[in-house]
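A.B. asks: The lines below spell out each chain.
Protein chains: 2
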Amino acid sequence: MNTSKINPARIEADYLIETAFDPMEAAQIMAGEQSSGTFLAVPGETPELKARSAARVEALEVFETGMEPTLPGSGLPETGDETRTRARVTLSWPIDNLGVSLPNLIATIAGNLFELKPFSGLRLVDVRLPNAFADAYPGPKFGIAGTRRLSGVEGRPLIGTIIKPSVGLSAQETGALAVELCAGGIDFIKDDELQADGPACPFEDRVRAVMDAVNQQADKTGKKAMVAFNLTGEIDEMRRRHDFVLAQGGTCVMASLTAVGMSGMIALGRHSELPIHAHRCGWGALTRDPMLGWSYPAWSKLWRLAGADHMHVNGLDNKFTEADDSVIASARSLTEPLFDKQPMRAVPVFSSGQTIRQAAGTLKAVGSPDLIVTAGGGVVAHPDGVASGVRAMCDAWDAAMQGIDLAEYAKDHPALSSALTIY
Amino acid sequence: MNTSKINPARIEADYLIETAFDPMEAAQIMAGEQSSGTFLAVPGETPELKARSAARVEALEVFETGMEPTLPGSGLPETGDETRTRARVTLSWPIDNLGVSLPNLIATIAGNLFELKPFSGLRLVDVRLPNAFADAYPGPKFGIAGTRRLSGVEGRPLIGTIIKPSVGLSAQETGALAVELCAGGIDFIKDDELQADGPACPFEDRVRAVMDAVNQQADKTGKKAMVAFNLTGEIDEMRRRHDFVLAQGGTCVMASLTAVGMSGMIALGRHSELPIHAHRCGWGALTRDPMLGWSYPAWSKLWRLAGADHMHVNGLDNKFTEADDSVIASARSLTEPLFDKQPMRAVPVFSSGQTIRQAAGTLKAVGSPDLIVTAGGGVVAHPDGVASGVRAMCDAWDAAMQGIDLAEYAKDHPALSSALTIY
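Chains A and B, in that order, give the protein sequences.
Under the numbering used here, think of the first position of the first sequence as 78, with each following residue one higher.
Under the numbering used here, think of the first position of the second sequence as 78, with each following residue one higher.
There's no promise every hint is true.
[Stated by the list, open to error] What follows is a set of in silico ranges between Cβ atoms, one per label pair, in the way DEER data are often shown:
1. GLN419(B) x GLY223(A): 41 to 47 Å
2. GLY223(A) x SER247(B): 41 to 47 Å
3. ALA324(B) x GLY143(A): 57 to 63 Å
4. ASP212(A) x ASP313(B): 42 to 48 Å
5. ASN208(B) x ALA128(A): 54 to 60 Å
6. THR142(A) x ARG129(B): 54 to 60 Å
7. LYS418(B) x THR160(A): 52 to 58 Å
8. LEU137(B) x ALA324(A): 29 to 35 Å
9. ASP212(A) x SER445(B): 46 to 52 Å
10. LEU137(B) x LEU323(A): 26 to 32 Å
11. ASP313(A) x GLU159(B): 30 to 36 Å
[As the list claims (entries may be wrong)] Listed below are the simulated DSS-like cross-link pairs for lysine-lysine, each with C-alpha atoms no more than 27 Å apart in a straight line:
12. LYS396(A) x LYS441(A)
13. LYS441(A) x LYS194(B)
14. LYS441(B) x LYS396(B)
15. LYS396(A) x LYS441(B)
16. LYS218(A) x LYS300(A)
17. LYS301(B) x LYS218(B)
18. LYS127(A) x LYS396(B)
19. LYS441(B) x LYS488(B)
20. LYS396(A) x LYS127(B)
21. LYS194(B) x LYS127(B)
To be clear, the hints were calculated from the coordinates, so they are not data collected in a lab.
The structure displayed is predicted, hence computed values, not measured ones.
All C-beta atoms, glycine included, are put in the ideal place defined by N, C-alpha and C.
Whenever a hint applies, use it, and build me the whole structure from the sequences.
C.D. replies: Printed below as a string of structure tokens:
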């Protein structure tokens with residue numbers, strides 16, 4: 078059967094499993110646990126009830142056998158056979174089990190099943206949702222088109238940077254740094270995820286100081302940098318902070334997804350009149366074991382639906398543990414349509430150790446310059462200052478889009494030429 | 078230094094790490110990444126700024142060396158030495174870096190660090206918070222005392238069960254099941270985490286049907302079963318559902334923590350006038366790799382602070398992958414004081430394959446009957462019906478509290494005697 082097509086009446090999820098059980102039996106146990114089944118058969122579990130409520134195993138593909146168990150605690154089948162098998166399993170649920178609810182979707186597709194006894198590995202790798210979800214949730218209200226409109230950047234990535242040091246600057250010091258970055262022609266600035274509303278750098282003071290810099294530069298040159306202000310907090314705080322940013326002429330807000338959680342993110346998504354820059358700090362705990370947790374394509378779909386416009390995907394040749402192929406898969410997944418009629422594409426945000434060096438590879442991986450690059454040292458550590466740092470990044474992307482080698486392009490692009498000496 | 082005492086001005090967190098780097102160097106990298114440090118030194122990172130904002134390594138204890146790397150992607154030190162070391166590290170942060178904010182606490186203590194290059198394993202094992210957090214968050218408003226007051230159960234655990242099949246029953250069918258459970262003298266009933274407000278079993282219809290049964294039984298006998306209605310959803314839905322349960326005379330609400338997330342849970346905690354039964358479905362993804370993610374004691378502290386009255390801890394001899402020693406450590410941690418002046422103890426909820434057989438072991442492990450046991454088949458599959466199932470569970474706990482062997486106690490307790498034949 079074709080599992081890539083969205084079934085209007087059922088939710089589908091794909092898992093990577095590792096089990097010593099017969100994989101089909103193991104898949105049936107998952108389906109039972111996550112719908113109308115129980116450990117012990119109960120009187121109410123009638124054939125009629127099963128027919129309307131049971132999750133189904135839609136597909137099963139065995140990959141390999143004979144590996145050591147990845148996670149501790151799993152059980153063996155009655156045969157005692159310890160041979161582990163890895164397989165990809167697709168389950169489906171009737172939408173009427175839970176209704177069109179993102180929080181309850183999480184409980185259904187990513188609930189108790191991670192701890193089920195037959196599994197020495199279980200990872201959610203993808204999810205497909207009926208169109209009813211597209212009607213019920215806001216999705217990205219801005220995406221790349223709205224982000225380009227608000228930032229005035231066309232035909233190339235937004236070149237961004239992060240306020241550094243991450244934490245420790247006062248609101249006034251942050252404002253002074255914004256003056257410098259704006260004067261350098263930066264497209265995009267983001268708060269660090271460690272700085273939201275610390276008493277040493279209160280949110281409103283910081284927004285006021287930074288937006289003074291941004292607005293003055295915009296008045297002078299017509300170019301208004303987009304600043305993702307980190308409003309991570311309680312629901313009412315986030316709504317209030319969003320409104321404050323809007324009132325100050327700001328054009329973006331940022332929230333840390335794992336810190337806020339789904340119900341908080343939905344509330345922000347419904348409320349927001351600005352692009353939401355979604356930070357993924359803490360995501361590593363959910364994904365770093367390749368046989369546990371969530372894949373990024375599955376996880377990010379839920380946040381896109383809730384309203385994330387920009388989603389962090391790490392970066393090529395990054396300073397973290399993630400391999401480039403994973404970064405590329407993440408970035409590409411954000412631009413694949415979530416629903417036929419509403420693609421709900423999010424803008425991939427590349428960060429971590431980004432410089433002029435990754436432009437060509439990133440363009441090749443994503444296939445488009447519709448993205449945000451945030452470089453810390455890659456912009457501000459340029460020997461000739463921030464303006465040259467921004468210029469060099471733009472040059473590197475121009476070169477990539479024209480298919481010209483960096484060294485060649487640098488011959489008549491001095492900012493890029495200087496950048497090549499240090500990055 | 079003493080790391081167990083709460084420093085009024087700093088947040089402390091303990092981690093289990095695995096690294097090929099010198100462990101102290103690795104710990105310093107964690108501290109830098111999660112405070113004012115960056116991959117590349119930046120001009121603003123002055124000694125004064127570091128003094129007020131840098132996270133500190135407070136303690137380091139090396140456990141063992143020479144294991145294979147647990148997680149992929151980690152890097153090696155410049156020496157190229159591949160020898161891995163496991164250690165326990167304590168970091169601390171000035172409270173002024175983030176302020177008294179649970180969402181931002183998550184970004185600080187459990188943010189980007191899981192993906193840091195030097196680590197082939199990194200797990201948050203405990204956290205200690207300044208008293209300012211106790212003043213800022215509600216904590217459990219009911220705990221064991223309020224739960225006993227509302228349920229009328231004293232001197233023994235609340236004996237509970239779960240609506241099964243998990244999903245598939247209509248509101249009316251759920252009400253009919255509640256009639257049977259209440260007639261059997263059950264103390265506690267919970268919705269399954271898969272059933273919140275599905276169109277086949279709408280929340281308000283279900284609450285009305287179940288509370289009719291509960292209120293009628295209470296009018297008849299004076300005993301009012303506590304029902305944890307699963308209100309998992311968006312913030313406004315949860316508040317509205319809470320108010321509906323309260324208006325119907327209900328005495329408990331339930332939310333799935335990983336589905337709702339922290340900002341949603343705080344909103345519910347601040348709003349609630351009923352005990353909050355906190356379900357942990359999805360928790361396995363965060364904990365099942367012993368070298369990644371979160372330990373339960375660290376994780377549950379944050380939810381207790383946000384307002385969780387009852388916290389699931391799995392059960393002894395459970396049907397999932399968790400070992401008994403982990404279950405016991407989880408349950409005990411919930412009753413340890415969170416703050417000197419406000420202990421914010423939560424009630425441990427034991428579930429999964431629970432029967433008369435686990436009473437003595439559970440009592441021994443927790444040291445008190447201040448807990449909830451939810452048994453599915455362990456109550457409703459009793460050969461003489463639900464009433465005998467509840468009676469047998471109470472008998473088993475009486476026997477445990479009196480230090481009498483189950484078989485001995487069963488001699489003049491017929492419900493327990495029958496139960497012994499099937500469990």
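A.B. asks: Would you mind marking each hint as holding or not holding in the structure?
C.D. replies: How the hints compare with the structure:
1. GLN419(B) x GLY223(A): 41 to 47 Å: 45 Å, holds
2. GLY223(A) x SER247(B): 41 to 47 Å: 43 Å, holds
3. ALA324(B) x GLY143(A): 57 to 63 Å: 58 Å, holds
4. ASP212(A) x ASP313(B): 42 to 48 Å: 18 Å, violated
5. ASN208(B) x ALA128(A): 54 to 60 Å: 56 Å, holds
6. THR142(A) x ARG129(B): 54 to 60 Å: 56 Å, holds
7. LYS418(B) x THR160(A): 52 to 58 Å: About 55 Å separates the Cβ atoms of LYS418(B) and THR160(A), which means 52 to 58 Å holds.
8. LEU137(B) x ALA324(A): 29 to 35 Å: 47 Å, violated
9. ASP212(A) x SER445(B): 46 to 52 Å: 50 Å, holds
10. LEU137(B) x LEU323(A): 26 to 32 Å: With Cβ atoms ~46 Å apart, the hint is violated.
11. ASP313(A) x GLU159(B): 30 to 36 Å: For GLU159(B) against ASP313(A), whose Cβ atoms are near 50 Å apart, the range 30 to 36 Å is violated.
12. LYS396(A) x LYS441(A): 20 Å, holds
13. LYS441(A) x LYS194(B): 25 Å, holds
14. LYS441(B) x LYS396(B): Satisfied, since the Cα-Cα distance of roughly 20 Å is no more than 27 Å.
15. LYS396(A) x LYS441(B): At roughly 48 Å apart (the allowed maximum being 27 Å), LYS441(B) and LYS396(A) break the hint.
16. LYS218(A) x LYS300(A): Given pair LYS218(A), LYS300(A) holds - Cα atoms ~22 Å apart, limit 27 Å.
17. LYS301(B) x LYS218(B): 20 Å, holds
18. LYS127(A) x LYS396(B): OK: LYS127(A) and LYS396(B) at ~22 Å, within 27 Å.
19. LYS441(B) x LYS488(B): Answer holds: LYS441(B) to LYS488(B) is near 23 Å, not above 27 Å.
20. LYS396(A) x LYS127(B): 22 Å, holds
21. LYS194(B) x LYS127(B): This hinted pair holds, its Cα atoms lying about 23 Å apart.
Taken one by one, the earlier hints fail for this structure at numbers 4, 8, 10, 11, 15, listed in ascending order.
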